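Colleague: Residue numbers (numbering that gives the first Met the number 0), protein chains in the order written: chain A, 0 to 495; chain B, 0 to 495.
It cannot be assumed that every hint is accurate.
It does not matter which identical chain is used: a pair holds within one copy or between any two.
Unchecked claim - Computed cross-link-like contacts, DMTMM-like style, restricted to lysine to aspartate or glutamate with a CA-CA straight-line distance of at most 25 Å:
#1 K258 - D28
#2 K20 - D247
#3 K20 - E192
#4 K491 - E450
#5 K442 - E174
#6 K491 - E413
#7 K491 - E249
#8 K20 - E290
#9 K20 - D141
#10 K390 - D64
#11 K20 - E311
#12 K390 - E480
#13 K20 - E177
#14 K390 - E192
#15 K20 - E420
#16 K449 - E19
#17 K258 - E54
#18 K478 - E397
It is worth saying that the hints were derived from the structure and are not from the lab. Bear in mind the structure is a predicted one, so any value in this text is a computation, not a measurement.
Protein chains: 2
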Amino acid sequence: MRKKPHGPAVPLIAVDRKGEKPLHRQIYDAFRAMILERRLHAGQQIPSSRALAAELGISRIPVLDAYAQLLAEGYIESRSGAGTFVTSSLSDQFLSARPAVASVVSDPPSDAISRVSRLLPLEGTPWFLGSGAFSVGQIAYDHFPFRVWSDLVTYHARRVRASSMNYSDPMGSEEFREVIAAYLRTARAVHCEPSQIMVVNGSQHALDLSARVLLDPDSPVWIEEPGYVFLRHVLTLSGCRLVPVPVDSEGLDVAAGVKLCRNARVAYVTPSHQYPLGATMSAARRLQLLEWAHSSGAWIVEDDYDSEYRYESMPVASMQGLDPGSRVIYIGTFSKTLFPSLRLGYMVIPPALVSRFLAVRQSNDLGPSHLYQAALADFISGGHFTRHVRKTRQLYAERRNALTAALRKEFASEIESSQMEILGAEAGMHLVVTLPPGLSDQKISARAGKEGLWLWPLSAAYAGANVRQGFILGFGGTKAEEMPQQVRRLRKAMRR
Amino acid sequence: MRKKPHGPAVPLIAVDRKGEKPLHRQIYDAFRAMILERRLHAGQQIPSSRALAAELGISRIPVLDAYAQLLAEGYIESRSGAGTFVTSSLSDQFLSARPAVASVVSDPPSDAISRVSRLLPLEGTPWFLGSGAFSVGQIAYDHFPFRVWSDLVTYHARRVRASSMNYSDPMGSEEFREVIAAYLRTARAVHCEPSQIMVVNGSQHALDLSARVLLDPDSPVWIEEPGYVFLRHVLTLSGCRLVPVPVDSEGLDVAAGVKLCRNARVAYVTPSHQYPLGATMSAARRLQLLEWAHSSGAWIVEDDYDSEYRYESMPVASMQGLDPGSRVIYIGTFSKTLFPSLRLGYMVIPPALVSRFLAVRQSNDLGPSHLYQAALADFISGGHFTRHVRKTRQLYAERRNALTAALRKEFASEIESSQMEILGAEAGMHLVVTLPPGLSDQKISARAGKEGLWLWPLSAAYAGANVRQGFILGFGGTKAEEMPQQVRRLRKAMRR
Chain A
0 MRKKPHGPAV PLIAVDRKGE KPLHRQIYDA FRAMILERRL HAGQQIPSSR
50 ALAAELGISR IPVLDAYAQL LAEGYIESRS GAGTFVTSSL SDQFLSARPA
100 VASVVSDPPS DAISRVSRLL PLEGTPWFLG SGAFSVGQIA YDHFPFRVWS
150 DLVTYHARRV RASSMNYSDP MGSEEFREVI AAYLRTARAV HCEPSQIMVV
200 NGSQHALDLS ARVLLDPDSP VWIEEPGYVF LRHVLTLSGC RLVPVPVDSE
250 GLDVAAGVKL CRNARVAYVT PSHQYPLGAT MSAARRLQLL EWAHSSGAWI
300 VEDDYDSEYR YESMPVASMQ GLDPGSRVIY IGTFSKTLFP SLRLGYMVIP
350 PALVSRFLAV RQSNDLGPSH LYQAALADFI SGGHFTRHVR KTRQLYAERR
400 NALTAALRKE FASEIESSQM EILGAEAGMH LVVTLPPGLS DQKISARAGK
450 EGLWLWPLSA AYAGANVRQG FILGFGGTKA EEMPQQVRRL RKAMRR
Chain B
0 MRKKPHGPAV PLIAVDRKGE KPLHRQIYDA FRAMILERRL HAGQQIPSSR
50 ALAAELGISR IPVLDAYAQL LAEGYIESRS GAGTFVTSSL SDQFLSARPA
100 VASVVSDPPS DAISRVSRLL PLEGTPWFLG SGAFSVGQIA YDHFPFRVWS
150 DLVTYHARRV RASSMNYSDP MGSEEFREVI AAYLRTARAV HCEPSQIMVV
200 NGSQHALDLS ARVLLDPDSP VWIEEPGYVF LRHVLTLSGC RLVPVPVDSE
250 GLDVAAGVKL CRNARVAYVT PSHQYPLGAT MSAARRLQLL EWAHSSGAWI
300 VEDDYDSEYR YESMPVASMQ GLDPGSRVIY IGTFSKTLFP SLRLGYMVIP
350 PALVSRFLAV RQSNDLGPSH LYQAALADFI SGGHFTRHVR KTRQLYAERR
400 NALTAALRKE FASEIESSQM EILGAEAGMH LVVTLPPGLS DQKISARAGK
450 EGLWLWPLSA AYAGANVRQG FILGFGGTKA EEMPQQVRRL RKAMRR
């Protein structure tokens with residue numbers, strides 16, 4: 000006959016000896032739930048491990064394990080000589096006040112999140128992240144040298160050493176930065192040393208870091224009007240004051256900027272291929288902008304996002320290379336030349352700012368991951384990058400030609416009568432087509448998105464109210480022979 | 000006899016027909032330099048392409064190419080009928096004022112960069128990024144299942160499709176988030192759905208995103224004192240007001256926090272294993288903290304950076320799982336369980352905040368890269384992760400035991416007399432040893448770093464002035480049999 004244990008009443012615990020959960024976990028979970036649900040009160044005594052084991056008819060070991068865990072986490076406390084008790088300091092108020100529902104989805108009160116994050120738009124944009132015809136940022140995936148690339152990734156994945164698994168240089172791997180510096184000097188006429196190169200997670204990351212290093216809340220900042228919507232978002236997060244400066248066929252209108260706000264701290268520009276309208280900033284404007292920056296102590300951020308693709312002439316030299324005084328922060332990306340999910344870009348930082356950027360970057364994410372840096376360094380120094388860019392430049396030129404030809408044919412009378420215009424087709428992987436009066440690009444884009452036609456509305460690229468209606472049409476991901484058909488779909492979408 | 004060309008004087012250009020640089024580039028570079036250096040003046044006429052080609056004795060084609068480029072970039076302009084001229088609007092002032100030296104390294108004036116970035120320390124910490132004995136954050140690299148891992152990486156590197164090269168979900172891949180959610184529910188008692196998981200570039204990135212979503216400049220924020228130095232940096236960048244709250248053997252002293260600043264907007268805590276002192280936050284304190292957060296509308300950020308490694312009991316359940324009202328943002332990382340250069344972590348976001356975090360993350364870097372997410376999803380769902388954690392838990396327990404034994408032996412009398420203490424060895428991959436009075440941890444650390452002994456000074460973990468001297472000793476990367484010798488080196492470093 001089993002001896003009835005003395006002591007406190009044993010709570011009802013059902014243990015399942017054949018269950019998946021180990022016994023000690025079952026006991027731990029049961030006690031924790033009883034305490035949290037107030038079936039056991041603060042200060043209440045619980046049975047000794049011996050008594051509970053006897054009651055449950057199990058070995059004492061799982062009970063001891065469960066009690067040890069409950070003790071370690073502070074749900075129970077043992078008082079020497081007296082026994083084991085539910086921790087007396089457990090907050091009864093909170094336990095009784097716990098709502099039954101685990102998660103209530105409602106907008107948080109406005110004072111519970113940051114003001115700047117509240118300014119960012121939350122609505123989905125139907126034309127974003129689509130990968131069909133005309134989606135901006137799409138590349139010729141099927142022409143990518145998969146074999147070479149995956150061989151390099153595989154090689155480095157197999158060649159893992161402790162040093163490549165450890166935290167690495169927050170600026171990026173030295174080898175990769177040397178390769179980037181050599182490429183930029185040759186191909187983009189950028190003045191740089193590897194010590195100025197920072198490897199980042201795409202050009203968006205570089206824009207963000209630059210805003211955090213350079214801008215205070217309320218700092219005035221020149222942005223191109225129209226411009227890149229995600230630049231506006233990242234600047235919104237910094238709390239700075241946006242000064243939209245109009246662009247024309249020579250790029251940013253520097254004189255207009257000076258009139259609007261001479262003392263801006265930074266000018267964000269896309270001189271090689273203005274986004275989205277496509278102008279190349281003229282030499283006169285470049286020198287004027289540099290002059291302004293030098294005389295007023297401002298910085299220039301040059302986002303050179305797609306300069307590798309230029310069809311009528313050689314790639315335009317970088318603006319950074321014209322600047323003798325280190326006022327330019329230069330940004331580039333591999334999202335266009337290789338592929339977007341790589342998430343790799345770089346910036347060239349003026350020597351005086353390198354340590355500031357480094358400190359901010361370490362606070363942000365410590366540094367870039369290893370593998371892709373190693374593979375890409377080899378890809379570039381092995382000549383594959385230049386070869387791929389040369390090959391795709393021709394390919395994108397064909398796609399561009401096919402698109403403009405199809406647009407000129409399909410919209411012949413509108414273009415003839417200047418009701419529609421094709422802009423910025425000399426470079427990059429997108430062009431702009433403007434709309435005849437009376438049409439709303441956002442309405443058409445929303446409709447077209449439902450049918451897999453991705454039309455970035457031009458009007459969304461404007462910060463101010465004085466907008467033009469049109470579409471930013473990506474042509475990188477659409478085959479030349481499909482262009483006529485896709486342009487007919489575009490025409491249909493516009494008609495409804 | 001060659002016909003002498005009429006027209007403007009031909010500038011002196013030396014072209015090298017056998018040079019590496021193509022002829023058109025040589026001509027372009029020469030003209031650009033002459034214009035920028037004012038050897039050719041704004042408005043000055045330049046020779047016709049025919050004349051220049053004749054003068055140089057080369058074909059006209061490279062000259063035409065170079066002129067086209069100079070025209071495209073706006074250095075020259077053609078006036079119909081009259082010929083070609085250096086662009087008249089080029090800014091003469093700037094050209095003449097250009098300093099000769101390309102880069103002057105000097106600290107930028109204080110009004111030219113953001114106030115918050117100026118607050119970040121720039122000096123190098125000799126104990127950071129070292130990978131020898133006692134370096135914090137080091138793992139047992141040689142016990143990592145290289146083969147399985149690189150097979151998975153290779154598999155996914157070879158299986159590239161357009162969808163895996165394109166911009167992907169800014170929250171992280173759906174498959175990976177499902178795997179993470181399942182793991183967290185089972186192993187960490189986290190309440191979550193995949194829709195709440197955001198894949199980030201390590202836990203530092205998650206801390207940063209949380210600060211940007213939740214904090215305004217001057218928002219009061221509780222941080223643990225002592226605490227994680229890189230958390231302080233990221234909060235400094237947000238401009239918030241730090242409220243250091245003391246920790247004791249039960250973790251953050253909630254009552255002290257309430258007394259210091261009841262209306263803090265966020266509390267940043269490490270409940271599983273307080274960094275650096277190692278306390279596990281007791282159940283009473285957890286409930287008290289949750290109660291405070293609910294009653295005051297504050298958020299709790301739970302940084303669960305190394306909870307997988309616990310030696311005396313099962314891993315402590317997450318605090319997030321105790322919270323019925325979604326006030327907790329939960330952060331985890333693979334830097335400890337796998338390896339740091341992976342740069343992968345995750346956060347579990349309260350449903351009401353998901354869209355805000357998403358908007359901020361898109362502005363920051365658009366989203367995570369593809370390959371490692373795919374490989375790691377397979378690694379976890381294939382059971383390799385759990386197996387690796389189980390194996391390394393035992394390994395780290397041995398290393399921990401060896402370290403504490405060596406410390407107790409080497410510093411027997413100091414520990415006996417309570418002049419030194421060993422703290423927080425129950426979990427994780429580091430412990431703290433405090434120093435006898437009169438010793439400066441930072442001085443010793445600076446000396447020891449030169450000899451490859453990486454001692455994180457405990458005093459640097461304090462935000463306030465009331466600091467304890469000691470070392471945060473990482474033991475993850477040092478073999479058990481080497482511990483006695485390394486502890487002897489530590490003793491030597493302390494003696495000098």
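Colleague: Determine for every hint whether it applies to the structure shown.
Modeller: Right, here's what the structure says about each hint:
For the homomeric pair K258 and D28, neither the shortest alpha-carbon distance inside one copy (69 Å) nor that between copies (34 Å) is at most 25 Å. Taking the shortest alpha-carbon separations for K20 and D247, neither the intra-copy value of 69 Å nor the inter-copy value of 34 Å comes in at or below 25 Å. In this assembly of identical chains, K20 and E192 lie within 25 Å of each other by CA distance solely across copies; the values are 22 Å between and 59 Å within a copy. For the identical chains of this complex, K491 and E450 are intra-copy neighbours only, at 11 Å inside a copy versus 73 Å across copies, given an alpha-carbon limit of 25 Å.
In this assembly of identical chains, K442 and E174 lie within 25 Å of each other by CA distance neither inside one copy nor across copies; the values are 48 Å within and 33 Å between. Proximity of K491 to E413 under the C-alpha cut-off of 25 Å is restricted to the intra-copy arrangement: shortest distance 15 Å within a copy versus 84 Å between copies. Proximity of K491 to E249 under the C-alpha cut-off of 25 Å is found in neither arrangement, the shortest distances being 33 Å within a copy and 68 Å between copies. Neither within a single protomer nor between protomers do K20 and E290 lie at most 25 Å apart by alpha-carbon distance, with minima of 71 Å and 31 Å respectively.
Taking the shortest alpha-carbon separations for K20 and D141, neither the intra-copy value of 48 Å nor the inter-copy value of 32 Å comes in at or below 25 Å. In this homomeric assembly, K390 and D64 come within 25 Å of each other (Cα to Cα) only across copies, at 20 Å, whereas the closest approach inside a single copy is 65 Å. In the homo-oligomer, the alpha carbons of K20 and E311 lie at most 25 Å apart only across protomers (20 Å), although the nearest pairing inside one protomer, at 69 Å, exceeds that limit. Taking CA atoms no more than 25 Å apart as the test, K390 paired with E480 passes inside one copy only; the shortest distance there is 18 Å, against 56 Å between copies.
Taking identical chains as interchangeable, the C-alpha atoms of K20 and E177 lie at most 25 Å apart only when they sit on different chains, with a minimum of 21 Å there against 54 Å within one chain. In this assembly of identical chains, the alpha carbons of K390 and E192 never lie at most 25 Å apart, being 28 Å within a copy and 44 Å across copies at closest. Proximity of K20 to E420 under the C-alpha cut-off of 25 Å is found in neither arrangement, the shortest distances being 68 Å within a copy and 38 Å between copies. For the identical chains of this complex, K449 and E19 are neighbours neither inside a copy (46 Å) nor across copies (52 Å), given an alpha-carbon limit of 25 Å.
Neither within a single protomer nor between protomers do K258 and E54 lie at most 25 Å apart by alpha-carbon distance, with minima of 86 Å and 46 Å respectively. Only within a single protomer do K478 and E397 lie at most 25 Å apart by alpha-carbon distance; the minimum there is 9 Å, versus 60 Å between protomers.
Checked against the numbered hints above, the structure violates hints 1, 2, 5, 7, 8, 9, 14, 15, 16 and 17; every other hint is satisfied.
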